[in-house]
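Using the hints, position chains B, C and D against chain A.
4 protein chains.
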Amino acid sequence: MRIGFIGLGSMGKGMAANLLKAGHQVLVWNRSQGAVETLVKQGAVALKHPGEAFDAEVVISMLADDAVTRSILIDSGALASSKPGLIHLSMATLSVAFIREMVEAHASAGVQLIAAPVFGRNDLAESGMLNIAVAGPQAAIAKVQPLLDVLGQKTWPMGEDPLNAGILKIATNMMLISAIEATGEAMALTQSYGVANTDFVDFITSTLFAAPAYKVYGPKIARRETEGAGFTLRLGLKDVGLALKAGEPNHVPLPFASVLRDNLLDAVALGEGESDLAALGVRAIKRSGQG
Amino acid sequence: MRIGFIGLGSMGKGMAANLLKAGHQVLVWNRSQGAVETLVKQGAVALKHPGEAFDAEVVISMLADDAVTRSILIDSGALASSKPGLIHLSMATLSVAFIREMVEAHASAGVQLIAAPVFGRNDLAESGMLNIAVAGPQAAIAKVQPLLDVLGQKTWPMGEDPLNAGILKIATNMMLISAIEATGEAMALTQSYGVANTDFVDFITSTLFAAPAYKVYGPKIARRETEGAGFTLRLGLKDVGLALKAGEPNHVPLPFASVLRDNLLDAVALGEGESDLAALGVRAIKRSGQG
Amino acid sequence: MRIGFIGLGSMGKGMAANLLKAGHQVLVWNRSQGAVETLVKQGAVALKHPGEAFDAEVVISMLADDAVTRSILIDSGALASSKPGLIHLSMATLSVAFIREMVEAHASAGVQLIAAPVFGRNDLAESGMLNIAVAGPQAAIAKVQPLLDVLGQKTWPMGEDPLNAGILKIATNMMLISAIEATGEAMALTQSYGVANTDFVDFITSTLFAAPAYKVYGPKIARRETEGAGFTLRLGLKDVGLALKAGEPNHVPLPFASVLRDNLLDAVALGEGESDLAALGVRAIKRSGQG
Amino acid sequence: MRIGFIGLGSMGKGMAANLLKAGHQVLVWNRSQGAVETLVKQGAVALKHPGEAFDAEVVISMLADDAVTRSILIDSGALASSKPGLIHLSMATLSVAFIREMVEAHASAGVQLIAAPVFGRNDLAESGMLNIAVAGPQAAIAKVQPLLDVLGQKTWPMGEDPLNAGILKIATNMMLISAIEATGEAMALTQSYGVANTDFVDFITSTLFAAPAYKVYGPKIARRETEGAGFTLRLGLKDVGLALKAGEPNHVPLPFASVLRDNLLDAVALGEGESDLAALGVRAIKRSGQG
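Chains A, B, C and D, in that order, are what the protein sequence lines are.
If you use the numbering used here, the first sequence corresponds to residues 1 to 291, in order.
If you use the numbering used here, the second sequence corresponds to residues 292 to 582, in order.
If you use the numbering used here, the third sequence corresponds to residues 583 to 873, in order.
If you use the numbering used here, the fourth sequence corresponds to residues 874 to 1164, in order.
The shape of chain A in the complex, shown without the other chains (with noise of 0.2 angstroms):
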């Protein structure tokens, strides 16, 4: 398949490694140069302008947030120009307001919008390992399915609206940030008593939280490991600033996450927004003068 693909980040590349190695025809724009050049090199075709993504069968995009992903989608006028009929395959995690935004501007220009958020890290997403949940025009769905089979592991059909697939994402997303900000409180309960960190941790992960959220974080509270960040704290404040936000008009209170939304601005406020996400655990440790 001819597929366009816009945004190379750390996990886009890998995705779009993914769709070269599996023999489709892959048309690359990314804001820097770099990403460009390692997949030509793969086999991709380098694009001027995201515009020309938009020429493909299929676009796939993949940018850092709604502000990203309207200046170079919309904005620029790659979507209004597109050919009729096309599929865009939006795969970032995005604003409930944002996929509002995105459903009218993609009716009016005659483009079929899915919405298909990836969970899962860069390795993940280097593997095709990805857990993809997906929401938007059924045929349009089934066109793309391949795609999504050489992107990810598992689809997990959520309807024809693609909201209900963006909503998917950021509550997950919320609940992985519960996780964190929970495991992080009953070590610096533990750990006050005289409990080793790592012993916690593999109890609680061989026991009832034996699952990737706690086995991925629970480690890094226990070691102290905040640097090299594969989702950073500030990325974090971000989605659960999303959960909040799109609890509002439905008026769903959030009484987790608003503690989330505190912490994380503490930890932030404090230094560390470039660090893992793994520090809001670590920071429930220290409010408690525990180093």
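There may be inaccurate statements among the hints.
[Claimed, not checked] Below are the EDC-like pairs computed for lysine to aspartate or glutamate, each with C-alpha atoms no more than 16 angstroms apart in a straight line: (1) D:K956 to D:D938; (2) B:K506 to B:D490; (3) D:K1027 to C:E830; (4) D:K1159 to A:E272; (5) A:K154 to B:D452; (6) A:K245 to C:E708; (7) C:K736 to D:E1098; (8) A:K154 to B:D490; (9) B:K445 to A:D66; (10) C:K736 to D:D1075; (11) A:K238 to C:E639; (12) C:K820 to A:D202; (13) D:K914 to D:E930; (14) D:K956 to D:E925; (15) C:K797 to C:D784; (16) D:K1118 to B:E539; (17) B:K529 to D:E1121; (18) B:K445 to A:D202; (19) D:K894 to D:D1022; (20) B:K506 to B:D356; (21) C:K725 to C:E639; (22) C:K827 to A:E248; (23) B:K536 to D:D1072; (24) A:K245 to A:D66; (25) B:K339 to B:D356; (26) B:K536 to B:E328; (27) D:K1111 to B:E539; (28) C:K736 to C:D781; (29) D:K1027 to C:D784.
It is worth saying that the hints were derived from the structure and are not from the lab.
This structure is a prediction, so every number in the text was calculated from the model and none was measured.
Only chains B, C and D this time, still in chain A's reference frame:
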């Protein structure tokens, strides 16, 4: 081994039965007689007074809380009258303040105290598949290890100080209740955008949160299954209180536990004290005005 | 002075009337015509388009929120068409982000912007007894001081930057809503031990909390007076949102405001959006299962 | 009147001195002797044992907390040995659980218990300008009213049940500490936009919050005056604990008090336990990374 077993509640009766099946001599005491009779039919010897249990080689206690344990083991004179060298295996969930009190009382009575709180609900107690954290004198632990192997699938050593096993239990329960609140909030959010609760639970328990804590409670919240409580909301409130109280002398802020406390109090005030702990998650959904 | 007055809501109409009484020429515009007619009877001149107000010496705006203010003052072209040197006295409660936007737009249009948010409800607007915080170019403030003296009992200078007056308003409203929550929680607690709510309010408002914030809202909570809202719960939620949003770019954690947000969302979800803000305090009592 | 006075701490010594000045016979007991000697010079009689105070017509106790009061009044045998018909005026801040315990112990001893907690710091104790809430047997209150008139500017009758006066004190302190947190958060927010803390405090304490709670603590927070504590942060933590504990059996959620508890624990963990309670507000500012 000759074992005194005190407390045949929903957990204790399954545990005592397993010790009998394994060929041990089990002397049982319980406040109400129904469970005693059931176990006598399985080969147990009924005791008239809890103090008689302290004439065995090992006493196992599995009572409801601090107050009941203090009343039956200490205030009754049972502990004081025990023969020197006896091992007491305390398997209930108790406060750190009371474990400290027990440590002193056992030292005075010349009894070896092992804290060995268990993880798992009734079904795991019956099948001998509990997880057991254990802390106390190492020689005593070595002696009771065969019993722990009968009762649980795995023993998790936490050192010499009974407090270490006690705080592990308290912190893990706090994490479990946090997981229920987080799941409820996430469902309130996704439901408000039209995602089916069961779809959401399927997704999270197959991916980032593929762990017992979420697999047990997620579907209960999604299906509003809050009757027939294995773990009541009132008991959850007690356990969150144990965490908050344990944190106080050590100056450990626990903002998630504070939210849990308030939300559990609200639920109890609204008449849900005897509901399953899953009702905490359901309440997160109701708080947003959704059914 | 020749004054354009835009926004004759519950606050604006009393303020405009006072300017007329003080002998000023007042040109009024309002979306709905009822209030316009009332003021015309008192000597005001009715305008057909808000842009005509910008032909006066001073324009006062007192509109509902950011969106309405942007739509009527900026998007309509009114500001852009104003005569150079005009002073705009912005007296509504607006977000810091929008005040920043206004500062830029006014600079482009050559209009002097003064932020002068007011403190007090309708009755104080009518009696000219408002408190007014003011920030902007000092010469412009000096020129409008006679108007501020008509509208308020006292003006509180906050420097040159309109943001300073804006954030003062936002922070004070956050404190007011915090006072309502704190009073509600305290009443829930004392009522549960048999103290009459009115006795409690009499006591606190005669001693430590003998201040308008508590004297206005305390008795309302005690008597469950939540109809006939001067300040609706929905508006309170908006104002707490302004505080949270203002804190975000500066990394200011606001844990009390977060609690307020969740409790207000809950109240709105339960249908109390149009109740008086006192309903927040009443809900604190209801959350404890008390009537 | 012949009065036994137990507890000559920072509040008690001023109160006892006022009773002496008013012409009463005051028999004093205190753990440390410095304050006793000062009062003896003013005409008091020193007692060797607290039990001797119970030989007077009225005993006033003003001790630090539950534990000290229990130890000195009950466990020492003092109360049990008192002469029948004695009135005990308990003026300290105590838990509701302990007040209940006192009610029973006094009934057994035939002593009439009046709870009369005081509001105000040392200076008001010295000048006899305290506010006093009072609850107990009405005839007994009538008899001690002249003493209350010496000690305070006003007495606030709260009925027959000592718990009512006790919970009033607890709830009011919770509100006071909430006011400090709210002020600190508001200052963190306004300071982050460049408003001087002193300008902010001047404004709020002249308008909506023109009340002692804010006038005492607002300027202290603004000027970072946290030394020379009249009311320490550690004592504030104890008082918030009294509110949370009082709410528990009655199922009263207290989300603001929960936030206070966590923030106070954090401050104590960071070494501010002996600072003035104003340090709670200062910490709200520090949490945002501001000095």
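Results for each hint:
1. For a cut-off of 16 angstroms, the pair hint linking D:K956 to D:D938 is broken: about 25 angstroms separates their Cα positions.
2. The suggested pairing of B:K506 with B:D490 holds, with an alpha-carbon distance near 13 angstroms, which does not exceed 16 angstroms.
3. Simply put, D:K1027 and C:E830 have alpha-carbon atoms about 45 angstroms apart, too far for the 16 angstroms limit, and the pair is violated.
4. In summary, the hint linking D:K1159 to A:E272 is supported, as the alpha carbons are separated by about 15 angstroms, within the 16 angstroms threshold.
5. Simply put, A:K154 and B:D452 have alpha-carbon atoms about 46 angstroms apart, too far for the 16 angstroms limit, and the pair is violated.
6. A distance of roughly 37 angstroms separates the Cα atoms of A:K245 and C:E708; the hinted pair therefore is violated under the 16 angstroms criterion.
7. This hinted pair does not check out: C:K736 and D:E1098 have alpha carbons roughly 29 angstroms apart, beyond 16 angstroms.
8. Simply put, A:K154 and B:D490 have alpha-carbon atoms about 14 angstroms apart, close enough for the 16 angstroms limit, and the pair holds.
9. Simply put, B:K445 and A:D66 have alpha-carbon atoms about 48 angstroms apart, too far for the 16 angstroms limit, and the pair is violated.
10. Using a Cα cut-off of 16 angstroms, the hinted pair C:K736 and D:D1075 holds, with the two alpha carbons roughly 13 angstroms apart.
11. The straight-line distance between the Cα atoms of A:K238 and C:E639 is roughly 44 angstroms, outside the 16 angstroms bound, and the hint therefore fails.
12. Of the pairs offered as hints, the one joining C:K820 and A:D202 is violated, with about 45 angstroms between alpha carbons and a cut-off of 16 angstroms exceeded.
13. Simply put, D:K914 and D:E930 have alpha-carbon atoms about 23 angstroms apart, too far for the 16 angstroms limit, and the pair is violated.
14. Between D:K956 and D:E925 the alpha-carbon distance is near 10 angstroms, which keeps this suggested pair within the 16 angstroms criterion.
15. The suggested pairing of C:K797 with C:D784 holds, with an alpha-carbon distance near 9 angstroms, which does not exceed 16 angstroms.
16. For the hint linking D:K1118 to B:E539, the alpha-carbon distance of about 13 angstroms falls within 16 angstroms, and the restraint holds.
17. In summary, the hint linking B:K529 to D:E1121 is supported, as the alpha carbons are separated by about 10 angstroms, within the 16 angstroms threshold.
18. For the hint linking B:K445 to A:D202, the alpha-carbon distance of about 13 angstroms falls within 16 angstroms, and the restraint holds.
19. A distance of roughly 13 angstroms separates the Cα atoms of D:K894 and D:D1022; the hinted pair therefore holds under the 16 angstroms criterion.
20. Distance hint between B:K506 and B:D356 is unfulfilled; the C-alpha atoms sit about 27 angstroms from each other, more than 16 angstroms.
21. With a C-alpha separation of about 10 angstroms, the suggested pairing of C:K725 with C:E639 holds against the 16 angstroms cut-off.
22. In summary, the hint linking C:K827 to A:E248 is supported, as the alpha carbons are separated by about 13 angstroms, within the 16 angstroms threshold.
23. For the hint pairing B:K536 with D:D1072, the CA-to-CA distance comes to about 40 angstroms; that exceeds 16 angstroms, so the pair is violated.
24. Our distance criterion of 16 angstroms between C-alpha atoms is met by A:K245 and A:D66, whose separation comes to about 13 angstroms.
25. Proximity of B:K339 to B:D356 is assessed by CA-CA distance (about 21 angstroms); at most 16 angstroms being required, the pair is judged violated.
26. Under the criterion of a C-alpha separation no larger than 16 angstroms, the hint pairing B:K536 with B:E328 is inconsistent with the structure, at around 37 angstroms.
27. The straight-line distance between the Cα atoms of D:K1111 and B:E539 is roughly 10 angstroms, inside the 16 angstroms bound, and the hint therefore holds.
28. Restraint check: the Cα-Cα separation between C:K736 and C:D781 comes to about 33 angstroms, which exceeds 16 angstroms; the hinted pair is violated.
29. Taking the CA atoms of D:K1027 and C:D784, the gap is near 13 angstroms; set against the 16 angstroms cutoff, the hint holds.
Of the numbered hints stated above, those contradicted by the structure are hints 1, 3, 5, 6, 7, 9, 11, 12, 13, 20, 23, 25, 26, 28, listed in ascending order.
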